[in-house]
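Visitor: One-letter residues, chain by chain:
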Amino acid sequence: MTTAQDAPSVVPDFGDEETDRRICFIASKGTLDMVYPSLVMANAALGEGIETHIFFTFWGMDIITKKHMDDLQFTWMGNTAMHPPGKKMHMPQGLAGLPGMTALATKMMKKQIADLDVPEVPEFLQMIADAGGHLWACKMSVDMMGLTKEDMIDEVEDIITATDFIELSDGAQVIFT
Amino acid sequence: MAVTTIAGAEVQVDDEGFMTEYDEWNEDIAKALAANIGIDLGETHWQVIKFLREDYKEQGETPMLRRVSNVGGVSTKELFQLFPKKPAKKMSYIAGVPKPQGCV
Chain A
1 MTTAQDAPSV
11 VPDFGDEETD
21 RRICFIASKG
31 TLDMVYPSLV
41 MANAALGEGI
51 ETHIFFTFWG
61 MDIITKKHMD
71 DLQFTWMGNT
81 AMHPPGKKMH
91 MPQGLAGLPG
101 MTALATKMMK
111 KQIADLDVPE
121 VPEFLQMIAD
131 AGGHLWACKM
141 SVDMMGLTKE
151 DMIDEVEDII
161 TATDFIELSD
171 GAQVIFT
Chain B
1 MAVTTIAGAE
11 VQVDDEGFMT
21 EYDEWNEDIA
31 KALAANIGID
41 LGETHWQVIK
51 FLREDYKEQG
61 ETPMLRRVSN
71 VGGVSTKELF
81 QLFPKKPAKK
91 MSYIAGVPKP
101 QGCV
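Protein chains in written order, with my numbering: chain A, 1 to 177; chain B, 1 to 104.
It is worth saying that the hints were derived from the structure and are not from the lab.
Check before you lean on any hint, since a few could be wrong.
Claimed, not checked - Within a straight-line C-alpha distance of at most 27 Å, the following computed DSSO-like cross-link-like pairs (lysine-lysine) qualify:
1. A:139 with A:67
2. B:99 with B:31
3. B:99 with B:85
4. B:77 with A:66
5. B:85 with B:31
6. A:149 with B:77
7. A:87 with A:67
8. A:88 with A:111
9. A:67 with B:31
To be verified - Stretches of chain A that chain B covers, calculated by requiring three or more beta carbons in the stretch to come under 8 Å of a beta carbon on chain B:
10. 35-45
11. 81-87
12. 129-138
Claimed, not checked - Here's a subset of chain A near chain B, in silico, CB distances under 10 Å, partners left out:
13. 12
14. 15
15. 49
16. 50
17. 123
18. 124
19. 176
We put the beta carbon where it would ideally sit given N, CA and C, even for glycine.
Chain A with its partners taken away, still in its complex shape (with noise of 0.2 Å):
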């Protein structure tokens, strides 16, 4: 312990001076446990400040569209390392065929996102965009799936081809997810 006299007050240095950090997540998938890991990562970036934005393709697209964003499944089929929480089990990959077993997974699974106070995509989105984050839908996509701007959320700030997100992305760090 250090006396008042030879410890001058420290200020945290919470990196006010401008940086020029900026993150560009893809979210290519809409199964439910593929589209936490870019909007968890995504909200922590805007929380330290740093310019931060979100392309959705494919069917990532399906956490931005209205019809779609607050029904996203989970399926442990074809994911070998699926177990029940905190057991050393694996579950069985026929099961995750049977009727029903989607549904009931994801029931767990959103019950597990709950429990931990992570709101679910709709919110998490909301909160992104409230952040500051900027989310945009990829054109390609939109053709492919018959969208239009009126069947994403507003807080999508447009659509966007392959080269405007390259041109968007440049000199960011790029994450595919």
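Assemble the complex: chain A is given as a structure, and chain B must be docked to it using the hints.
Guide: Frame of chain A, contents of chain B only:
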């Protein structure tokens, strides 16, 4: 860990300058801490700071932004305006509670 003088009071702080003793905090200290990081405390700042302190006392941990918004009643947008760039860290610094530990 060190002892320093803030607003005329001796308080314990960690290596980064965050207060470590909940009960050593007072409003004058909060004003001084806010001034240290260029924030002039207005009414809504105080609402946030008081919520942080009450919630920390009740829950035993510093609330994340979502909780400050949903339970404390100050929107995410406002929090980013009141405590620019790093709201969670800045508000806990001023409120004399630890940095929040959660991911969301």
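Visitor: So, for every hint listed, does it hold in this structure?
Guide: Quick rundown of the hints versus the structure:
1. For the proposed pair residue 139 (chain A) and residue 67 (chain A), the alpha carbon gap of about 18 Å is at most 27 Å, so the pair holds.
2. For the given pair, residue 99 (chain B) sits about 18 Å from residue 31 (chain B) by alpha-carbon distance, which is consistent with the 27 Å threshold.
3. Of the pairs offered as hints, the one joining residue 99 (chain B) and residue 85 (chain B) holds, with about 15 Å between alpha carbons and a cut-off of 27 Å not exceeded.
4. For the hint linking residue 77 (chain B) to residue 66 (chain A), the alpha-carbon distance of about 22 Å falls within 27 Å, and the restraint holds.
5. A distance of roughly 19 Å separates the Cα atoms of residue 85 (chain B) and residue 31 (chain B); the hinted pair therefore holds under the 27 Å criterion.
6. Of the pairs offered as hints, the one joining residue 149 (chain A) and residue 77 (chain B) holds, with about 24 Å between alpha carbons and a cut-off of 27 Å not exceeded.
7. Between residue 87 (chain A) and residue 67 (chain A) the CA atoms are separated by roughly 35 Å; this puts the pair beyond 27 Å, and the hint is violated.
8. Under the criterion of a C-alpha separation no larger than 27 Å, the hint pairing residue 88 (chain A) with residue 111 (chain A) is consistent with the structure, at around 21 Å.
9. The suggested pairing of residue 67 (chain A) with residue 31 (chain B) is violated, with an alpha-carbon distance near 47 Å, which exceeds 27 Å.
10. For a cut-off of 8 Å, the count of residues in the stretch 35-45 of chain A with a CB near a CB of chain B stands at 3, and the three-residue condition holds.
11. Counting residues of the stretch 81-87 of chain A whose beta carbon lies closer than 8 Å to any beta carbon of chain B gives 0, which falls short of the minimum of three for the stated coverage.
12. For the stretch 129-138 of chain A, the assignment as covered by chain B holds, since 3 residues bring a beta-carbon within under 8 Å of that chain's beta-carbons and 3 suffice.
13. Interface restraint check for residue 12 (chain A): the shortest CB-CB distance to chain B comes to about 4 Å, inside 10 Å, so the restraint holds.
14. A distance limit of 10 Å between C-beta atoms decides the matter here; for residue 15 (chain A) the minimum to chain B is near 7 Å, and the interface restraint holds.
15. The interface hint given for residue 49 (chain A) is met, as the beta carbon of that residue sits about 3 Å from the closest beta carbon of chain B, less than 10 Å.
16. At its closest, the beta carbon of residue 50 (chain A) sits 9 Å from a beta carbon of chain B; the interface hint therefore holds under the 10 Å criterion.
17. Checking residue 123 (chain A) against chain B by beta carbon gives a least distance of about 8 Å; that is within 10 Å, so the hint holds.
18. Annotation: interface hint on residue 124 (chain A) holds; nearest CB of chain B at approximately 8 Å, less than 10 Å.
19. Interface restraint check for residue 176 (chain A): the shortest CB-CB distance to chain B comes to about 20 Å, outside 10 Å, so the restraint is violated.
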